[in-house]
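Undergrad: The residues making up each chain are set out below.
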Amino acid sequence: MAHIHGNAYIDRTRQEMEDCLAQLQGENAKLRARLEAVYQELQQQLDANARELDESRDACVAARTQITELAQEGRRFAELYAEVEQRNTNLANLYVASYQLHGTLDRANVLDAIHEIIINLIGSEQFAVYEREAGDDMLRLVTSFGIDPELFDTIPVGTGIIGATVSLGQPYFGENGQFDSGVDAVNFTACVPLRLDDKVTGAIAIFKLLPQKRGLEEVDYELFDLLATHAATALYATRLVAREHEHAAITTTADATA
Amino acid sequence: MKKRILLVDDSSTVLMMERMILEKSSYQTITARDGAEAVEKAVNERPDAILMDMMMPRMNGLQACSELRRHENTRHIPIIMVTTRGEALNVEAGFANGCSDYVTKPIDSVELLTKLRNALGQEE
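Note that the protein sequences, when read in sequence, are chains W and E.
Quick note on numbering: the first sequence equals residues 1 to 258 in the working numbering.
Quick note on numbering: the second sequence equals residues 1001 to 1124 in the working numbering.
These are calculated hints, taken from the structure and not from any lab test.
Check before you lean on any hint, since a few could be wrong.
Claimed, not checked - Derived lysine to any residue pairs resembling SDA-like cross-links, with alpha carbons at most 25 Å apart:
{"id": "1", "chain 1": "W", "residue 1": "LYS213", "chain 2": "E", "residue 2": "ARG1085"}
{"id": "2", "chain 1": "E", "residue 1": "LYS1115", "chain 2": "W", "residue 2": "GLY74"}
{"id": "3", "chain 1": "E", "residue 1": "LYS1115", "chain 2": "W", "residue 2": "ASN88"}
{"id": "4", "chain 1": "W", "residue 1": "LYS213", "chain 2": "E", "residue 2": "PHE1095"}
{"id": "5", "chain 1": "E", "residue 1": "LYS1002", "chain 2": "W", "residue 2": "GLN86"}
{"id": "6", "chain 1": "E", "residue 1": "LYS1115", "chain 2": "W", "residue 2": "GLU218"}
{"id": "7", "chain 1": "W", "residue 1": "LYS213", "chain 2": "E", "residue 2": "ARG1058"}
{"id": "8", "chain 1": "W", "residue 1": "LYS213", "chain 2": "E", "residue 2": "ASP1108"}
{"id": "9", "chain 1": "E", "residue 1": "LYS1024", "chain 2": "W", "residue 2": "GLY103"}
{"id": "10", "chain 1": "E", "residue 1": "LYS1002", "chain 2": "E", "residue 2": "LEU1015"}
{"id": "11", "chain 1": "W", "residue 1": "LYS213", "chain 2": "E", "residue 2": "TYR1102"}
{"id": "12", "chain 1": "E", "residue 1": "LYS1115", "chain 2": "W", "residue 2": "LEU94"}
{"id": "13", "chain 1": "E", "residue 1": "LYS1115", "chain 2": "W", "residue 2": "VAL84"}
{"id": "14", "chain 1": "E", "residue 1": "LYS1024", "chain 2": "W", "residue 2": "GLU217"}
{"id": "15", "chain 1": "W", "residue 1": "LYS199", "chain 2": "W", "residue 2": "HIS102"}
{"id": "16", "chain 1": "E", "residue 1": "LYS1115", "chain 2": "W", "residue 2": "LEU91"}
{"id": "17", "chain 1": "E", "residue 1": "LYS1115", "chain 2": "W", "residue 2": "PHE77"}
{"id": "18", "chain 1": "W", "residue 1": "LYS213", "chain 2": "E", "residue 2": "LEU1015"}
{"id": "19", "chain 1": "E", "residue 1": "LYS1003", "chain 2": "W", "residue 2": "ALA92"}
{"id": "20", "chain 1": "W", "residue 1": "LYS213", "chain 2": "E", "residue 2": "VAL1103"}
{"id": "21", "chain 1": "E", "residue 1": "LYS1024", "chain 2": "W", "residue 2": "GLU79"}
{"id": "22", "chain 1": "W", "residue 1": "LYS199", "chain 2": "W", "residue 2": "LEU240"}
{"id": "23", "chain 1": "W", "residue 1": "LYS213", "chain 2": "E", "residue 2": "LYS1002"}
{"id": "24", "chain 1": "E", "residue 1": "LYS1003", "chain 2": "E", "residue 2": "GLU1040"}
{"id": "25", "chain 1": "E", "residue 1": "LYS1024", "chain 2": "W", "residue 2": "LEU240"}
{"id": "26", "chain 1": "W", "residue 1": "LYS208", "chain 2": "E", "residue 2": "LEU1089"}
{"id": "27", "chain 1": "W", "residue 1": "LYS213", "chain 2": "W", "residue 2": "ASP148"}
{"id": "28", "chain 1": "E", "residue 1": "LYS1024", "chain 2": "W", "residue 2": "PHE77"}
{"id": "29", "chain 1": "E", "residue 1": "LYS1024", "chain 2": "W", "residue 2": "GLU83"}
Said to hold, decoys possible - Example chain W residues on the side facing chain E (calculated, C-beta under 10 Å, incomplete):
{"id": "30", "residue": "GLU85"}
{"id": "31", "residue": "GLN100"}
{"id": "32", "residue": "ALA113"}
{"id": "33", "residue": "GLY123"}
{"id": "34", "residue": "GLN212"}
{"id": "35", "residue": "GLY215"}
Ideal Cβ positions, reconstructed from N, Cα and C, are used throughout, including at glycine.
Just chain E, with the same shape it has in the complex:
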């Protein structure tokens, strides 16, 4: 059974890129355009993992992570930060808010797929 990944980003370019990378590797994808939509879709659809952009309108990625960690149904879902700022402070903030791992933009497909497999506990 294919794993389902929730992709969260306000950039349609990034969403398209992530979908192409993941669907080529046999993942199913769901998308959300901001943190609030991400929380709603995660609660309703219970994806196997989430790729979360940090800077978004309405609710940013850190806020969405915190919210998802509070929900009983979503607190176990691995969340991978997708960030344009790879400095230690931003990464630490992500982990402090409940992220499991991170990748930086521009996205490297090999790095993304490896970290996703690790997050899902899959072997290569």
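Pulled out of the complex, with its shape left as it was, chain W reads as follows:
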């Protein structure tokens, strides 16, 4: 075999190396291309994931906002429901009070109804009810609870908070201060005039509320308004009935003796 020497060898080796290099470069380029393709694919995947994550985050924020809004709406409805329930209860109080006052023409029963309304619906443990005859300047105690009736049996119209309530025809409420007469307002929760048309026929004086009752509420003022007219009317009706019975008794007696 002939040995290849010298420049031919070098040339051949160079050529082999150049071929090898070209091959390696070709493979390198292929690998780079593959790598680039994989890189692009991964980048696209990453971008897609990032987009999906953003969308999920946005959906999450939107859901949280919706939940917050729903919770607020729920609270609003609960408050509205409580208001409506309270209003219904207040109306029930007024209905019951009116029913009890006008459900009887017996004076004792009407006074019992007034008692029950003040104790159980308003929540008082000390009160007094006064009436005044037409043309009379004296208020007379007709019923009371929790006080010594002898100490409160008559009051001249215009004297003290009770008398001033009757002479002025305006209700007095403890937290509103005093009348112009400068009467001492201690130990008085409310005083309400009994009104029949434009005449003041008496008063209801509330001295003290039950211990668990913190103060007068909206329904109490509504009950006072109701008592101011309906109690007066109910008491007046009992007088008319009593007079009618007296008249009937007198007529019967007169007929019997005739």
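Got chain W sorted already, so can you dock chain E onto it with the hints?
TA: For chain E alone, kept in the frame of chain W given last:
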């Protein structure tokens, strides 16, 4: 099936008010005007719960509670005190005589209905 509640009070005003509150919330009501009538009606009619006033003639609420706790047929019935005096002493006396809970007058309808539901084991 509607739950039946025995209302015990000598005040017709209070009974009327309680009936309006409860019947609006789909309860059936039975009434009694004193403790003795309450015991009789509870034994005969076996209500699901009792609202018991404290101060009544013939037999007061505490006495009626004690009596109901002695009866086999009524000892399990929840009894809610309805009292004008909300001080601790009165409340303690009520619990000592067998009451399950209490409300004070003037009656708050939301408080009453909540305590009744709790006593009956009902969900809102």
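Undergrad: All hints, please: hold or fail.
TA: Taking the hints in turn, this is what the structure says about them:
Between LYS213/W and ARG1085/E the alpha-carbon distance is near 10 Å, which keeps this suggested pair within the 25 Å criterion. A threshold of 25 Å between alpha carbons decides the hint, and for LYS1115/E with GLY74/W the separation of about 23 Å falls inside it, so the pair holds. Among the hinted pairs, LYS1115/E with ASN88/W is consistent with the structure: their alpha-carbon atoms are about 19 Å apart, no more than 25 Å. Straight-line distance between C-alpha atoms of LYS213/W and PHE1095/E comes to about 22 Å, which keeps the hinted pair within the 25 Å bound.
With a C-alpha separation of about 24 Å, the suggested pair LYS1002/E and GLN86/W falls inside the 25 Å cut-off, and the hint holds. Taken as a hint, the LYS1115/E and GLU218/W pair is honoured in the structure, with Cα atoms around 24 Å apart against an allowance of 25 Å. For the hint linking LYS213/W to ARG1058/E, the alpha-carbon distance of about 28 Å lies beyond 25 Å, and the restraint is violated. Between LYS213/W and ASP1108/E, the direct Cα distance comes to roughly 11 Å. Compliance with the 25 Å bound is thereby established for this hinted pair.
The straight-line distance between the Cα atoms of LYS1024/E and GLY103/W is roughly 22 Å, inside the 25 Å bound, and the hint therefore holds. Pair hint LYS1002/E plus LEU1015/E holds up; C-alpha atoms about 19 Å apart against a cutoff of 25 Å. For the given pair, LYS213/W sits about 15 Å from TYR1102/E by alpha-carbon distance, which is consistent with the 25 Å threshold. Taken as a hint, the LYS1115/E and LEU94/W pair is honoured in the structure, with Cα atoms around 24 Å apart against an allowance of 25 Å.
For the given pair, LYS1115/E sits about 20 Å from VAL84/W by alpha-carbon distance, which is consistent with the 25 Å threshold. Our distance criterion of 25 Å between C-alpha atoms is met by LYS1024/E and GLU217/W, whose separation comes to about 23 Å. For the given pair, LYS199/W sits about 20 Å from HIS102/W by alpha-carbon distance, which is consistent with the 25 Å threshold. Proposed proximity of LYS1115/E and LEU91/W is supported: the alpha carbons are some 22 Å apart, at most 25 Å.
Restraint check for LYS1115/E and PHE77/W: the C-alpha separation of about 22 Å stays at or below 25 Å, so the hint holds. The suggested pairing of LYS213/W with LEU1015/E holds, with an alpha-carbon distance near 20 Å, which does not exceed 25 Å. Taking the CA atoms of LYS1003/E and ALA92/W, the gap is near 22 Å; set against the 25 Å cutoff, the hint holds. Between the alpha carbons of LYS213/W and VAL1103/E the distance comes to roughly 12 Å, so the proposed pair stays at or under 25 Å and holds.
Note on LYS1024/E and GLU79/W: the hinted pairing holds, with a Cα-Cα distance of about 19 Å set against a maximum of 25 Å. For the hint pairing LYS199/W with LEU240/W, the CA-to-CA distance comes to about 17 Å; that is within 25 Å, so the pair holds. The straight-line distance between the Cα atoms of LYS213/W and LYS1002/E is roughly 33 Å, outside the 25 Å bound, and the hint therefore fails. This hinted pair checks out: LYS1003/E and GLU1040/E have alpha carbons roughly 19 Å apart, not beyond 25 Å.
Distance hint between LYS1024/E and LEU240/W is unfulfilled; the C-alpha atoms sit about 37 Å from each other, more than 25 Å. A threshold of 25 Å between alpha carbons decides the hint, and for LYS208/W with LEU1089/E the separation of about 20 Å falls inside it, so the pair holds. A hinted pair counts as satisfied when its Cα atoms are at most 25 Å apart, and LYS213/W with ASP148/W qualifies at roughly 22 Å. Our distance criterion of 25 Å between C-alpha atoms is met by LYS1024/E and PHE77/W, whose separation comes to about 20 Å.
Taken as a hint, the LYS1024/E and GLU83/W pair is honoured in the structure, with Cα atoms around 16 Å apart against an allowance of 25 Å. Interface restraint check: GLU85/W against chain E, minimum CB-CB distance 6 Å, threshold 10 Å, status holds. The criterion of a C-beta within 10 Å of any C-beta in chain E is met by GLN100/W, whose closest approach is roughly 5 Å, and the hint holds. At a threshold of 10 Å, the smallest CB-CB gap from ALA113/W to chain E is about 7 Å, leaving the interface hint in force.
Interface restraint check for GLY123/W: the shortest CB-CB distance to chain E comes to about 4 Å, inside 10 Å, so the restraint holds. Nearest Cβ of chain E to the Cβ of GLN212/W: about 4 Å, under the 10 Å cut. The hint holds. Checking GLY215/W against chain E by beta carbon gives a least distance of about 12 Å; that is not within 10 Å, so the hint is violated.
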